[in-house]
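Q: Residue strings, one per chain:
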Amino acid sequence: MSQIMENPKGGCVLAGINAVLGAIDRICPVYHSGPGCCMQTTAADQGQSGHKSSCFVSGVSIPSSNMLEKEVVFGGTEKLRTTIQGAIEVIDADAYFVLTGCTAGIIGDDIVRVTDEFVKKGHPVYPIETPGFAGDSNLGYEIVWNTLIDQVIEKDVPKDPKLVNIFGIVPYHDPFWSGTLEEIDRILSQLGLKVNTFFTKHQTIEDIKKCSGAALNIIVNPWLFHGPAKKFEEKFGVPSIRIPGLFVGATDTTKFVRSVADALQLDQKLVEAVIEKEEDYVYQYLGQAIGVVSWKKFAIVADANTAVGYTRYLANDYSFTPVLVIISEPIFRQEDKERIIKEIQDLEYAKPPKVLFLADQYEINQAIREEEDVTLLVGSSNEREVALEKEIQFLLGAFPVNERLIFNRTYAGYKGSLTFTEDLYDNL
Amino acid sequence: MAKVKYSGVRESKPGRINDFGSTGEQIAEKFKKGCLKRADRSFAQGLQCQQINSMAALMSLEDSVFISHSPQGCVGCSVMAVDMYRVGQIHRGAKQVKNARLFVTNIDQKSVVFGGESKLRETVKLAIDRYHPKLAFVYASCASGIIGDDIDAILNDMQSDYPETILVPIHCEGFKSKVCASGFDAAFLAINKYILKHQKVEKEKGLLNLFAPTTVSYADQKEMERMLQALGAKVNYIPFYSSLEKIKKIPAAEASTSICKVFADEFMQTLWEDYQIPFSHTVMPIGIRNTDQWYRGIAKVLGKEAEVEEIIKKEHARIEPLVAKLKERLQGKRVFVCGGTGRSFAAAALIDDFGMKLVGLETPTYDEDAQIDIEYLNEIHKDYVVDIANMQPFEQVNLLNKIKPDAFIGVPVWAAKLGIPTTHVLDGKRPTMGYDGLLYLGNKIADQLENPGFNKKIAKHVKLPYRESWYQEDAFKYITSNE
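First to last, the sequence lines map onto chains A and B. Just so we're aligned: 61 in the working numbering is position 61 of the first sequence, and the numbers increase by one with no gaps anywhere. Just so we're aligned: 80 in the working numbering is position 80 of the second sequence, and the numbers increase by one with no gaps anywhere.
These aren't lab readings, by the way, just hints derived from the structure by calculation. It should be emphasised that the depicted structure is a prediction, and the values quoted were computed from it without experimental measurement. Glycine residues also receive a C-beta, built at the ideal position from the N, C-alpha and C atoms. Check each hint, because a few of them may be wrong.
[Unchecked claim] Derived BS3-like pairs: lysine-lysine, alpha-carbon spacing no greater than 25 Å straight-line:
hint, chain 1, residue 1, chain 2, residue 2
1, B, Lys444, A, Lys201
2, A, Lys121, A, Lys162
3, A, Lys52, B, Lys249
4, A, Lys201, B, Lys417
5, B, Lys477, A, Lys121
6, B, Lys234, B, Lys32
7, B, Lys463, A, Lys52
8, B, Lys234, B, Lys333
9, A, Lys70, B, Lys200
10, B, Lys200, B, Lys249
11, A, Lys201, B, Lys456
12, B, Lys300, A, Lys52
13, A, Lys52, B, Lys222
14, B, Lys300, A, Lys390
15, B, Lys460, A, Lys70
16, B, Lys37, A, Lys52
17, B, Lys203, B, Lys125
18, A, Lys52, B, Lys5
19, B, Lys333, A, Lys297
20, B, Lys477, B, Lys457
21, A, Lys390, B, Lys333
22, B, Lys300, A, Lys201
23, B, Lys333, B, Lys200
24, B, Lys402, A, Lys52
25, A, Lys70, B, Lys477
26, A, Lys201, B, Lys460
27, B, Lys325, B, Lys300
28, B, Lys463, A, Lys70
[Said to hold, decoys possible] Over the 12 Å line for every Cβ pair with chain A, so calculated as not near, a few chain B residues:
hint, residue
29, Lys32
30, Asp40
31, Val65
32, Ala94
33, Gln96
34, Lys110
35, Asp157
36, Lys222
37, Ser243
38, Lys333
39, Lys404
40, Asn451
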């Protein structure tokens, strides 16, 4: 059930699927959809993610059957067949994923029958039968992983006790995804671990195929990836731990490191040495700019993962005062909401802020207008309007991000927290 | 016999095709003989759907709400229009930058089975209760069209409940057209039907409708207005950054013209038929020749032929020495041009101002209008490739790799990865048009050509996704006859 929304953040499930596939090196999506879906879905997620989009194929580079009236009336499987054939001939990809738009979904084209023909000929072609109207971008992330678990990841891969898989950081739907994955990779590598981020360092579908050999799945997100994690464990026997929110700053990042170390029973001495070194790095800098960033009463508008991370850092590590946190993505399960509220309100010294779940822009703006006390708002491009109206400091730090270019920047981890603090400086 | 009303679907016009690969000379000849047939591609990359254009065209209107009766993905590209709108507000001096009031009904599985009427009604009510707009535009989508939601009937039924808001349904279902410019027509057809309603209004002396799509920068708007004011016209700039009041003034104008060839061209014809407003439909005012032609076109309609020649003379005296300097830097360079219908032909004409040579032209549709441009280009340039394609980067890179032009004008993403210097003529935030735009553009092209380091270096590190074997194939291999 999708809700009516003003200024929605992100696209349909097809947009989410496309964003995730676009982040995997040398993967080619093939759209069986209307003529605009490639552009629309790329614009909805990749296009609002700090102006960085898939280097391989995205937007109008994606092969598409461009279903017109003829296909709507008579069916489009023949058009799909020649489109897949052409894609294989022209595009040098490791795998092709056939996606369905609303048109194909409503008229009921049997795409599996078509992809099977190519599979029989030995081509790496995988169907994903989830039309756009089935949900939002977040669902797209889970759909991709469910597809990979069902169709791509191999069974009986030898176990590697040092290999871990990272889940929960959604490419493009989180504009800081690549920097965040790189920071996680950097930290865990120091513990002697091999890290599957899947979306950085030119990892390919081969890494995905073998990821069932991992010792642990690490989910960095308070609610996403519930279903796929269960499926992953049942099929491949890989257990998972959930880090219930992005870690920003020394306190939460150290907690994250200890959680992973406990789960894998890593060498305590090594773990503590890494923590000491990393915390020292952060505090050597923070110590050089005490009182430089003025005190603020803040509100956050972001997806749950980001909101948890920003709130806890600013409140616990930086002694700003939390007032209001709005989770701006649709979340349906009550238990998920409770977990998110707990993370945001269970603070060390600060009084817990109000937590609201609002995806509609008008409701978000109204909630912020009602908080007279807020002097800093961290949110998306959509919240700039209300920040201007209130004449308060605004930091563009959540999806959608239209007015800044983001390559490898992150606010997560040890190093990211310094970048976050730098960006909060306003000289006003 | 009653005249057949234009449906808003660009393909419905005879002689208009979207898929063809040829040369300038051949295509002109084939068109003349009536041998150009509608075709298709058995393999293609994504297109731009008409809904994108319908939404973008109106997104900056004041006191309006925009409702997409669709799943959430269909408002993806409207974000680009919203970004233009926000930047446009800043350029126009606004301190309180506003969001566009954009809603999505979010058609889901339930709507697909039971229809989306209740969601649409709820959204319209919500949007009007929140903003009390003068205009509420409702956009159809592939999904709403296929499940058969009758948005006209629903809005007609709701209209009496909201006398302060005009409800405007727009039929821009993506599957109806391969030509995204159809979406402009869908928007204007709806404006005529639901706002103007064939009502006669009092004429306003000197008033001129200037139709401009969202991709026209504020700098360009000012340049166009400067030129038209020099002819004594009062400009009604529509629909970009305009309002219901300005739309209602359309029939009061003495004449109309458009900045883009495929924007409001059909609508200006309608305005002539319904309100007897004469219009000029020429070219996009990019480059000296095109700017002159565009300027003369509208001056003729306004009866200012003598005046325009005076101004053109002055403008030329001012511009030509500066253009001559640019020519020294650009003379003889071989150029490949890719763009939308208006901009591709305009850019192709522009390069002649700088003494550059056209070696390839990629444009989305071919028709009678395109024929006029091609015949003109054929007089200047020989042996250039023509690809009638809406983007299709796989064909573009295949051609570029064979032709190896000195410069590429168009979307830079793919040509840059081949190491070719690139310049864009579609810049909605900076100048492109008129006499002043020409200099900005010329300097941009010359500077990029002289300093191509970025593209040369990136080409060494970033590979395009195509197989090596593809570059050896015929670029038009997948274009199939449809008849």
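Q: Would you mind marking each hint as holding or not holding in the structure?
A: Okay, the hints, checked on the actual structure:
Taking the CA atoms of B:Lys444 and A:Lys201, the gap is near 35 Å; set against the 25 Å cutoff, the hint is violated. With a CA separation close to 37 Å, the supplied pair A:Lys121 and A:Lys162 exceeds the 25 Å bound. Between the alpha carbons of A:Lys52 and B:Lys249 the distance comes to roughly 42 Å, so the proposed pair goes past 25 Å and is violated. As the CA atoms of A:Lys201 and B:Lys417 are separated by approximately 20 Å, the hinted pair is consistent with the 25 Å bound.
Pair hint B:Lys477 plus A:Lys121 holds up; C-alpha atoms about 23 Å apart against a cutoff of 25 Å. As the CA atoms of B:Lys234 and B:Lys32 are separated by approximately 40 Å, the hinted pair breaks the 25 Å bound. Between the alpha carbons of B:Lys463 and A:Lys52 the distance comes to roughly 16 Å, so the proposed pair stays at or under 25 Å and holds. The suggested pairing of B:Lys234 with B:Lys333 is violated, with an alpha-carbon distance near 40 Å, which exceeds 25 Å.
A hinted pair counts as satisfied when its Cα atoms are at most 25 Å apart, and A:Lys70 with B:Lys200 does not qualify at roughly 40 Å. Restraint check for B:Lys200 and B:Lys249: satisfied, since their Cα atoms lie roughly 10 Å apart, inside the 25 Å limit. A C-alpha spacing of about 23 Å is found between A:Lys201 and B:Lys456, which places the hinted pair at or below 25 Å, so the restraint holds. Our distance criterion of 25 Å between C-alpha atoms is broken by B:Lys300 and A:Lys52, whose separation comes to about 47 Å.
As the CA atoms of A:Lys52 and B:Lys222 are separated by approximately 32 Å, the hinted pair breaks the 25 Å bound. Between the alpha carbons of B:Lys300 and A:Lys390 the distance comes to roughly 51 Å, so the proposed pair goes past 25 Å and is violated. Straight-line distance between C-alpha atoms of B:Lys460 and A:Lys70 comes to about 43 Å, which puts the hinted pair past the 25 Å bound. Note on B:Lys37 and A:Lys52: the hinted pairing is violated, with a Cα-Cα distance of about 39 Å set against a maximum of 25 Å.
Between B:Lys203 and B:Lys125 the CA atoms are separated by roughly 36 Å; this puts the pair beyond 25 Å, and the hint is violated. Distance check on the hinted pair: A:Lys52 and B:Lys5 sit about 44 Å apart at the alpha-carbon level, beyond 25 Å; violated. About 59 Å separates the Cα atoms of B:Lys333 and A:Lys297, which puts this hinted pair outside 25 Å; it is violated. Pair hint B:Lys477 plus B:Lys457 does not hold up; C-alpha atoms about 31 Å apart against a cutoff of 25 Å.
Taking the CA atoms of A:Lys390 and B:Lys333, the gap is about 53 Å. The hint is violated against a cut of 25 Å. Only pairs whose Cα atoms come within 25 Å are accepted, and B:Lys300 paired with A:Lys201 is rejected, the gap being roughly 61 Å. For the hint linking B:Lys333 to B:Lys200, the alpha-carbon distance of about 53 Å lies beyond 25 Å, and the restraint is violated. Only pairs whose Cα atoms come within 25 Å are accepted, and B:Lys402 paired with A:Lys52 is rejected, the gap being roughly 29 Å.
Note on A:Lys70 and B:Lys477: the hinted pairing holds, with a Cα-Cα distance of about 22 Å set against a maximum of 25 Å. Straight-line distance between C-alpha atoms of A:Lys201 and B:Lys460 comes to about 18 Å, which keeps the hinted pair within the 25 Å bound. For the suggested pair B:Lys325 and B:Lys300, the alpha carbons sit about 32 Å apart, so the restraint of at most 25 Å is broken. Taking the CA atoms of B:Lys463 and A:Lys70, the gap is about 36 Å. The hint is violated against a cut of 25 Å.
For B:Lys32, the shortest C-beta to C-beta distance to chain A comes to about 28 Å, beyond the 12 Å cut-off, and the non-interface label holds. Non-interface status of B:Asp40 relative to chain A is broken: a Cβ of that chain comes within 12 Å, the nearest being about 9 Å off. A beta-carbon of chain A is positioned within 12 Å of the beta-carbon of B:Val65; the least distance is around 9 Å. B:Ala94, annotated as away from the interface, has a beta carbon of chain A within 12 Å; the closest lies near 10 Å.
Against the 12 Å criterion, B:Gln96 falls within the reach of chain A, whose nearest CB is about 6 Å from its own CB. Annotated as non-interface, B:Lys110 brings its C-beta within 12 Å of a C-beta of chain A; the closest such distance is 7 Å. The non-interface label for B:Asp157 is consistent with chain A: the shortest C-beta to C-beta separation is roughly 19 Å, beyond 12 Å. Against the 12 Å criterion, B:Lys222 stays outside the reach of chain A, whose nearest CB is about 23 Å from its own CB.
No beta-carbon of chain A is positioned within 12 Å of the beta-carbon of B:Ser243; the least distance is around 19 Å. Against the 12 Å criterion, B:Lys333 stays outside the reach of chain A, whose nearest CB is about 27 Å from its own CB. At roughly 20 Å, the least C-beta separation between B:Lys404 and chain A is larger than 12 Å, which holds for a residue marked as non-interface. With a least CB separation of 21 Å from chain A, B:Asn451 remains clear of the 12 Å interface cut-off, as annotated.
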